[in-house]
Amino acid sequence: MTSLMGQPTADGRFGDFGGRFLPESLIPACAELEAAFTAAWADPGFHAEYESLLHHYGGRPTPVTECRNLSARLGVRVLLKREDLAHTGSHKINNVIGQALLAQRMGKTRLIAETGAGQHGVATATAAALLGFECRIYMGEVDTARQALNVFRMELLGAEVVPVASGSRTLKDAINETLREWVATVGATHYCLGSVMGPHPYPWMVREFQRIVGTEAQAQCRELLGGADPDVVVACVGGGSNAAGTFAGFVDTGARLVGVEPAGGAAIGRGIPGVVHGSKSYLLQDEHGQVMEAHSLSAGLDYPGVGPEHAHLSATGRVSYHPAGDEEVLDAFSLLARTEGIIPALEPAHALAWVIRAAGTDELPPGCTVMVTLSGRGDKDVAQVAALFEERGGSRKDPLLSPRG
Amino acid sequence: MIPPRRIETTLRARRDAGHKLLVPYVTGGLGPDWARVVEAVAAAGADAVEIGIPFSDPVMDGPVIQAASQQALASGATPGSILAELAQVDVDVPLVVMTYYNIVFRAGHRRFARSLVEQGVSGAIVPDLPLVELDGWGRAADDAGVETVLLVAPNTPDATLAEICARSHGWVYGVAVMGVTGVRASLASSAAVLGRRLKAATDKPVLLGVGVSTPEQAVEATADADGVIVGSALVRRLLEGCGPDGAAEFVASLRTGLDQR
Ligand SMILES: Cc1ncc(COP(=O)(O)O)c(C=O)c1O
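Protein sequences appear in the order of chains B and G.
Under the working numbering, the first sequence is numbered contiguously, ending at residue 405.
Under the working numbering, the second sequence is numbered contiguously, ending at residue 1261.
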């Protein structure tokens, strides 16, 4: 039996999804990258280098934290995989360290990347500073405004940040612009893509570089739970990299797997199959095939597509995907801060919002154990959230006392 | 009814008669008179006309064609409305649409191919559908008699280049530069190299496009190729409001340059 979340087919397919839908000029670069990654990932020396950097520099392993206060309030046992404690504040560093080491092996001298919330851009700029790459980050103008602090961070780290004014001026347009540049500079430049999307081999490679999240979490949960696995494992899904890395560690266990999409960018929940940014997956699009804009308060999830492997995991039924709306996300953001002293990023606050909503229902029966990947910390979001609270008239009331929808 | 292999037959005949080939690109739905622009450039000496069906996320296009696409979409252009207008244009050269794969995929391969044939369009160019992903559309297009023009890049390996030449219909499209569409001050040195590689590999008409912007560049490019595709330089004039007459004037200047070479 080929396990789910193994290697894709030679043409980069996960079931019906994936592929390499790009201009011919980029096909040789994808083939070169696939060969380089395949060789590196089979090389114990590369693994050792990658793991050593993530340990000594990146702060891994990140802990799994049991949330006693939140668990008591929700009536289910909540564990958090603490990617917020990784260097640069999110899981993005895992992928970036992997790709930067690979780019070094390939003799590239320059990294380019798209970013939404800025977390991937910061992680890429960080790896570039550490390993001596030139670095340019493309970021939609809407996002440079709402994540201004991250723009400054990237510049501080020596990266050039290029605001993108085309289209919806968010993550999808930043990807378009990075691809356009890559066509022109492909020789010396590696495109350090930030999630499990894009053309083959990116969805596979990025998932493998994030697998460390799930591998660690699975062992840590067993230790905490006396050898048992959590009943449910939850992660937020933008492109889907923290979710893919998490699920990879649990796909062969009995845990139910849940991905949480933003209600305004639910590619799996409300999209249909389509092709953009190099792969076939679920996509928010109109009847003519024009890609629609996503709308989420979280810049990191503001994307109308989703990684192709998630489309496949959904089609096979192994993972179920649910939406979370902006209001309940803000409630979850506040609740975790107040009960556990942890300020989450808005992205994983989506996963928490689903847990809060589902706790006590058939989805998460009383007494069950749920592990949530806390993919990043909320420092980058506090200014935006402060403004949103202001708009909504003061601070939040206790979300558990507000009526359930 | 369009005769089979109309593009290739037309272009071959003209090339074999010693004529350099010229294919202007016009963004479909750009301004109320874009269909008149198609007629005007055809009358001004085009050997075929390429019509862009705008897509929301055109990764192969630079700022000029991006802006034109956005403007056309904002004014309500759809693949269906553009094809319906194309059915009405009065030209005696073949028409080719250029669009991105999601537009084709969303419509359905067979439905899209059929609608091209029904509206009098002979061929299609889908720049984000490389040879490795061509299958589904390629078969549907062949079955319907739509000529799919394939692109070759300066970095395409020889073996792939040969396969693309064999599989391309209408002509073989050499992407003259490593980059996206746009006006450039000079012709990239990769153009001549690619032109020669393609001419050595195939007897099909070889046209170079992307970054061919002026009559001088067109002449330079056709030293190593059978013809050129000119997009951004024309679309930029259209965005500036040159209208059908200005478009005709520009295409005529390209034609004159190529004929006097
Ligand atoms: C903290 C955090 N979580 C999640 C995401 C979404 O990405 P993915 O779905 O690839 O994990 C982002 C993206 O910026 C992020 O910063």
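Hints are computed from structural coordinates only; laboratory data are not their basis.
Misleading hints may appear alongside valid ones.
Said to hold, decoys possible - Quick partial rundown of chain G residues pointing at chain B, CB under 8 Å, derived from the structure:
#	residue
1	M1060
2	F1105
3	H1109
4	V1117
5	L1134
6	T1156
7	A1162
8	C1165
9	V1175
10	V1183
To be verified - To spell it out: a stretch of chain B is covered by chain G in this simulated footprint if at least three of its residues, at any positions, have a beta carbon under 8 Å from a beta carbon of chain G; those stretches are:
#	stretch
11	10-20
12	282-288
To be verified - Footprint (simulated), chain G over chain B, 3 or more residues, beta carbon under 8 Å:
#	stretch
13	163-173
14	267-276
15	373-379
A quick note: this is a predicted structure, and the numbers were derived from the prediction, not measured.
Even for Gly, the Cβ is constructed at its ideal location relative to N, Cα and C.
So which of those numbered hints doesn't the model satisfy?
-> Of the numbered hints given earlier, those the structure breaks are 3, 4, 5, 7, 8, 10, 15, listed in rising order.
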